[in-house]
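**Student:** Order-wise, the sequence lines are chains A and B.
Under our numbering, the first residue of the first sequence carries the number 1, and numbering increases by one thereafter.
Under our numbering, the first residue of the second sequence carries the number 1, and numbering increases by one thereafter.
Hints listed in this document are in silico derivations from the structure and should not be mistaken for laboratory results.
Treat the hints with care, as some may be off.
[As the list claims (entries may be wrong)] Computed far set for chain B versus chain A, every beta-carbon distance over 12 Å: (1) 71; (2) 108; (3) 131.
[Unchecked claim] Listed below are several chain A residues computed to face chain B (Cβ distance under 8 Å; list not exhaustive): (4) 40; (5) 56; (6) 59; (7) 88; (8) 104; (9) 109; (10) 110; (11) 116; (12) 211; (13) 218; (14) 222; (15) 228; (16) 232.
As the structure is a prediction and not an experimental result, all values here were calculated from the model.
Ideal Cβ placement from N, Cα and C applies to all residues, glycine included.
Chain by chain, the residues run as shown.
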Amino acid sequence: MVGLTPVEQRAPGQWQIATVSGVKQETPRVKSFRIELPMWMPHLPGQHYDVRLTAPDGYRAQRSYSVASSPLDEGGVELTIDRLDDGEVSPYFHDVMVEGDRVEMRGPFASYFVWRGEAPALLVGGGSGVVPLMAMLRHRRRATPELAMRLVYSVRSADDVIYADELGDDTLLTFTREMPEGWAGHTGRIDASLIAEMAADADIAFVCGSNAFVETAVGLLLETGIRPSRIRTERFGPSG
Amino acid sequence: MSGFVSRGFTGRRRTPEELADRLPPGQYSEPGFPVLTAGPTPFVDTDRWAFGINGMVGEERRLSWREFHELPFETVPCDIHCVTKWSKLGTKFGGVSVDVLLEGVDPQGAFAMAYSYGGYTTNLPLADLTGSKAWVVTEHEGEPLPQTHGGPARLLVPHLYFWKSAKWVAGLRVLDHDEPGFWEQNGYHKRGDPWREERYWSD
Numbered sequence: 001m002v003g004l005t006p007v008e009q010r011a012p013g014q015w016q017i018a019t020v021s022g023v024k025q026e027t028p029r030v031k032s033f034r035i036e037l038p039m040w041m042p043h044l045p046g047q048h049y050d051v052r053l054t055a056p057d058g059y060r061a062q063r064s065y066s067v068a069s070s071p072l073d074e075g076g077v078e079l080t081i082d083r084l085d086d087g088e089v090s091p092y093f094h095d096v097m098v099e100g101d102r103v104e105m106r107g108p109f110a111s112y113f114v115w116r117g118e119a120p121a122l123l124v125g126g127g128s129g130v131v132p133l134m135a136m137l138r139h140r141r142r143a144t145p146e147l148a149m150r151l152v153y154s155v156r157s158a159d160d161v162i163y164a165d166e167l168g169d170d171t172l173l174t175f176t177r178e179m180p181e182g183w184a185g186h187t188g189r190i191d192a193s194l195i196a197e198m199a200a201d202a203d204i205a206f207v208c209g210s211n212a213f214v215e216t217a218v219g220l221l222l223e224t225g226i227r228p229s230r231i232r233t234e235r236f237g238p239s240g
Numbered sequence: 001m002s003g004f005v006s007r008g009f010t011g012r013r014r015t016p017e018e019l020a021d022r023l024p025p026g027q028y029s030e031p032g033f034p035v036l037t038a039g040p041t042p043f044v045d046t047d048r049w050a051f052g053i054n055g056m057v058g059e060e061r062r063l064s065w066r067e068f069h070e071l072p073f074e075t076v077p078c079d080i081h082c083v084t085k086w087s088k089l090g091t092k093f094g095g096v097s098v099d100v101l102l103e104g105v106d107p108q109g110a111f112a113m114a115y116s117y118g119g120y121t122t123n124l125p126l127a128d129l130t131g132s133k134a135w136v137v138t139e140h141e142g143e144p145l146p147q148t149h150g151g152p153a154r155l156l157v158p159h160l161y162f163w164k165s166a167k168w169v170a171g172l173r174v175l176d177h178d179e180p181g182f183w184e185q186n187g188y189h190k191r192g193d194p195w196r197e198e199r200y201w202s203d
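The shape of chain A in the complex, shown without the other chains:
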């Protein structure tokens, strides 16, 4: 596909010591971290990295986080992390990590929930399920803006909108609990007419969010006639 970054299928297994070069508060409970990797390699939009924290006594905790950035942002990745109060790794990122801090990472991993230039593509995200979808949207905007890709993004309230300043004409936002003052767009949960309209001629759909969100979205997508094999899902496990 012309304009898409060629990505080798290789196995990137080594832990590397990466450095945080920027932190952005996206919402009251979500931050994005720009992280520079000494052995960076291009990822496919949708892939994840593993992160490992080590305490002075050797105790370790590992989690996986989706990459939010386009592989055209060379040299590092952006990870967008939801703070889970009873978690172990996400509170560390939120409460401790600042620019200049180092963190062990390895990746990018997994090659199923990835966008390889298929179009038209429909992305459906609930809450922080938008993160891997944003990597796809950002990459499409920069590499192949002529390819059709649309994002349906469901959030509870204005306080939960991640990447608020980047949601353009290709995005349909819906508020399920509380809409911002003066909001004239969609409200309520995703439903059949919304999905049918956005899915129109979609060749592939990527759905990411809580299990309940994904089940609902997939049910609606199947009603539009998209084949099950063209619906790829990623469901949140706990990733504290």
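Based on the hints, put chain B in the right spot on chain A.
**Tutor:** Below, chain B alone, put in the same frame as chain A:
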């Protein structure tokens, strides 16, 4: 890289000492039972369900739901380990041992591909499926296995990462060679032993 310490990290979710030796490296204990599936959740009617054993076998076998339930049923207490880092310690499934399912089948190869309703596949050496190490289960904690967790029946291979425990399992195809299944083609390790932290291709 062993000397690296994360500034200000002490670890707050440590496993109680009595459970610590049941947690493989890089895993943490999760009391819930998260659902992770790569695509739509298939619905499989037990009236139409069948479990097949085929491929390189002396005798093919195909069991209906009723025939399956006439086989010796076991309760399987186990710990399960998901490659996404959570482990569920001390859980319980109910089903039929793969040793029983293979009786009279006479496998002619040393490998198998488990295949599922919905198209999922995962590869395993027969050695990981036999010797009281693997089951086809239809119950979890004494209740019918929920559809989102692979009901009506899933494979259970608790000594390997949980993607090997194929949900909505429909059968085993015996092969004379190892062949990558779904996640094994998509970056994950061909065997997946959590105690050796075999997560990805390169591990």
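**Student:** For each hint, tell me whether it holds in the structure or not.
**Tutor:** Going down the list of hints, with the structure as the test:
no., hint, verdict
1, 71, "31 Å, holds"
2, 108, "31 Å, holds"
3, 131, "30 Å, holds"
4, 40, "16 Å, violated"
5, 56, "5 Å, holds"
6, 59, "4 Å, holds"
7, 88, "4 Å, holds"
8, 104, "6 Å, holds"
9, 109, "5 Å, holds"
10, 110, "5 Å, holds"
11, 116, "12 Å, violated"
12, 211, "4 Å, holds"
13, 218, "5 Å, holds"
14, 222, "6 Å, holds"
15, 228, "5 Å, holds"
16, 232, "6 Å, holds"
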